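There are 2 protein chains.
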Amino acid sequence: MKTLIVYAHPEPKSLNGSLKDLAVSTLTKAGHEVRVSDLYAMRWKATVDAADYGPSASSPLRVPKDSGRAFETGTLTPDVRAEQEKLLWADTIIFQFPLWWYTMPAILKGWVDRVFTYRFAYGVGEHSAVKYGERFGEGTLAGRRALLSVTVGGPESHYAERGINGPIDDLLFPIQHGILYYPGIEVLPPFVLYGTDRTTGDDWPDIAKAWEQRLLTLETTEPIPFRRQNFGDYEIPSLNLKEGLEPAGRSGFRLHVRA
Amino acid sequence: MKTLIVYAHPEPKSLNGSLKDLAVSTLTKAGHEVRVSDLYAMRWKATVDAADYGPSASSPLRVPKDSGRAFETGTLTPDVRAEQEKLLWADTIIFQFPLWWYTMPAILKGWVDRVFTYRFAYGVGEHSAVKYGERFGEGTLAGRRALLSVTVGGPESHYAERGINGPIDDLLFPIQHGILYYPGIEVLPPFVLYGTDRTTGDDWPDIAKAWEQRLLTLETTEPIPFRRQNFGDYEIPSLNLKEGLEPAGRSGFRLHVRA
Numbered sequence: 001m002k003t004l005i006v007y008a009h010p011e012p013k014s015l016n017g018s019l020k021d022l023a024v025s026t027l028t029k030a031g032h033e034v035r036v037s038d039l040y041a042m043r044w045k046a047t048v049d050a051a052d053y054g055p056s057a058s059s060p061l062r063v064p065k066d067s068g069r070a071f072e073t074g075t076l077t078p079d080v081r082a083e084q085e086k087l088l089w090a091d092t093i094i095f096q097f098p099l100w101w102y103t104m105p106a107i108l109k110g111w112v113d114r115v116f117t118y119r120f121a122y123g124v125g126e127h128s129a130v131k132y133g134e135r136f137g138e139g140t141l142a143g144r145r146a147l148l149s150v151t152v153g154g155p156e157s158h159y160a161e162r163g164i165n166g167p168i169d170d171l172l173f174p175i176q177h178g179i180l181y182y183p184g185i186e187v188l189p190p191f192v193l194y195g196t197d198r199t200t201g202d203d204w205p206d207i208a209k210a211w212e213q214r215l216l217t218l219e220t221t222e223p224i225p226f227r228r229q230n231f232g233d234y235e236i237p238s239l240n241l242k243e244g245l246e247p248a249g250r251s252g253f254r255l256h257v258r259a
Numbered sequence: 001m002k003t004l005i006v007y008a009h010p011e012p013k014s015l016n017g018s019l020k021d022l023a024v025s026t027l028t029k030a031g032h033e034v035r036v037s038d039l040y041a042m043r044w045k046a047t048v049d050a051a052d053y054g055p056s057a058s059s060p061l062r063v064p065k066d067s068g069r070a071f072e073t074g075t076l077t078p079d080v081r082a083e084q085e086k087l088l089w090a091d092t093i094i095f096q097f098p099l100w101w102y103t104m105p106a107i108l109k110g111w112v113d114r115v116f117t118y119r120f121a122y123g124v125g126e127h128s129a130v131k132y133g134e135r136f137g138e139g140t141l142a143g144r145r146a147l148l149s150v151t152v153g154g155p156e157s158h159y160a161e162r163g164i165n166g167p168i169d170d171l172l173f174p175i176q177h178g179i180l181y182y183p184g185i186e187v188l189p190p191f192v193l194y195g196t197d198r199t200t201g202d203d204w205p206d207i208a209k210a211w212e213q214r215l216l217t218l219e220t221t222e223p224i225p226f227r228r229q230n231f232g233d234y235e236i237p238s239l240n241l242k243e244g245l246e247p248a249g250r251s252g253f254r255l256h257v258r259a
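Chains as they are written, first to last, in the UniProt record's numbering: chain A, 1 to 259; chain B, 1 to 259.
For reference, chain A alone in the conformation it holds in the complex (with noise of 0.2 Å):
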């Protein structure tokens, strides 16, 4: 596998950096080869503006337009082109980062904001009677996997199917699904630590031995089965998805499964 691991936490001696530490040494022992986007080593910068597209930004800036003319004539940042290169030469994505507020700390939001550029992750494909563009399940990105480590401050039962804070499948749907199925990417189940505000150096043998199993396993785990959009699940252009196509009582995020 050529392995990139996009991680994103400020402190190297967190449970976040021994996780990408332990998926550096493991994946390489193991023959694979392996990058790393280390963003806050990297002091990524988090926010569209319009130094990204250079003197042929237009004024008013605007965001898809002039992201995907800067991405198409190589004059983005050199950050986001390299950025844009680690994810053409990788066939496996790592995301490593710790749960805030709900979703991804703001230095990772930034890189997909950044990166995920117009003509590259959207605005690709042509749209007609049974397309609309290549996406969800098509794209730049497709052939490729990617795979969410996340740390989560607060216990297991709180993101449960009836938890408060909602199902952690529900919570991850937008990254996964809306963020690296839309442009062609397959989503390996998330691997997930609860509780993590209180684990200790005691806890570590068993996150690092479980955190190898899956890691020793990427090639064979089966990506979760989102639906493609442009083979028949869905109306075009509403992109609403057929009636009768879910099991009694679906509803929500989980539509975009199949059974």
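It should be emphasised that the hints constitute simulated quantities derived from the structure, not laboratory data.
These numbers were taken from a predicted model, which means no experiment stands behind them.
Hints are not guaranteed to be accurate.
No copy labels: a pair is met if it fits in one copy or bridges any two.
[To be verified] Derived pair list, reagent style DSS-like, types lysine-lysine, alpha-carbon separation capped at 25 Å:
| hint | residue 1 | residue 2 |
| --- | --- | --- |
| 1 | Lys-65 | Lys-13 |
| 2 | Lys-13 | Lys-45 |
| 3 | Lys-242 | Lys-65 |
| 4 | Lys-209 | Lys-13 |
| 5 | Lys-131 | Lys-13 |
| 6 | Lys-2 | Lys-65 |
| 7 | Lys-131 | Lys-242 |
| 8 | Lys-86 | Lys-29 |
| 9 | Lys-29 | Lys-131 |
| 10 | Lys-2 | Lys-209 |
| 11 | Lys-86 | Lys-2 |
| 12 | Lys-209 | Lys-45 |
| 13 | Lys-131 | Lys-45 |
Got chain A sorted already, so can you dock chain B onto it with the hints?
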């Protein structure tokens, strides 16, 4: 009303900029006090790091513990303290932003990550057999109301009940419930504009009229009836919703809205 507008768009001449400007003028004309946090104009620092907590940050850095200590000793950076003071001053908070990759732009997530510190927005209140801290309906920001004003590039059908992106209420749940209701803020139904990739100046009069109407009825608008955590609906400490409280067939995030 004392209204704080938190605004996140890089282009003042954008639709988001116009909506922010209209909110300022409409509310001011109606006799309300208005303050604006224009995150791009302020060059808001989006990333949480040790610099937020001054020389007393611990090493290794522990984000919850360090942010809580800095909050309690008044040693958070001045930019963060200023935002906390604005939140305490306000009775109404409007968030104006474009939906980027199904959630808020990184700069706004970085406002949440940095301003919503331990002991201010979370880690508040005692834990007992009948109370799991002050959160979800109680907390530092109780008594305040918030409204998301969101522009969405795609068409409304894609965000409908069976739409491929998932229902807009579910996409906004981690913000409305997880970020805002958590520290006690009541949340009004959002103001969402769809298809804004294709809106032109000709659409502005209708948009402005609809937005003014929402702004001038903020005080009489009923909030989303999220369930309060410590008032009998949840098991403690599992924080699972007690069986039988929801309408038949309801699941996922919607469990946490009263029927």
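Hints and how they fare:
1. Lys-65 x Lys-13: between (41 Å within a copy, 15 Å between copies)
2. Lys-13 x Lys-45: Close inside one copy (22 Å) and across copies (23 Å); limit 25 Å.
3. Lys-242 x Lys-65: neither (32 Å within a copy, 49 Å between copies)
4. Lys-209 x Lys-13: within (19 Å within a copy, 53 Å between copies)
5. Lys-131 x Lys-13: Intra 47 Å, inter 33 Å, cutoff 25 Å: neither.
6. Lys-2 x Lys-65: Close neither inside one copy (31 Å) nor across copies (37 Å); limit 25 Å.
7. Lys-131 x Lys-242: Close inside one copy (15 Å), not across copies (44 Å); limit 25 Å.
8. Lys-86 x Lys-29: within (21 Å within a copy, 52 Å between copies)
9. Lys-29 x Lys-131: Result: close neither inside a copy nor across copies, 43 Å intra and 48 Å inter.
10. Lys-2 x Lys-209: For Lys-2 and Lys-209, the Cα distance is within 25 Å only inside one copy (22 Å; across copies 53 Å).
11. Lys-86 x Lys-2: within (10 Å within a copy, 47 Å between copies)
12. Lys-209 x Lys-45: Neither, since 34 Å and 37 Å both go past 25 Å.
13. Lys-131 x Lys-45: neither (35 Å within a copy, 40 Å between copies)
In summary, the structure is inconsistent with hints 3, 5, 6, 9, 12 and 13 from the numbered list given earlier, while agreeing with the others.
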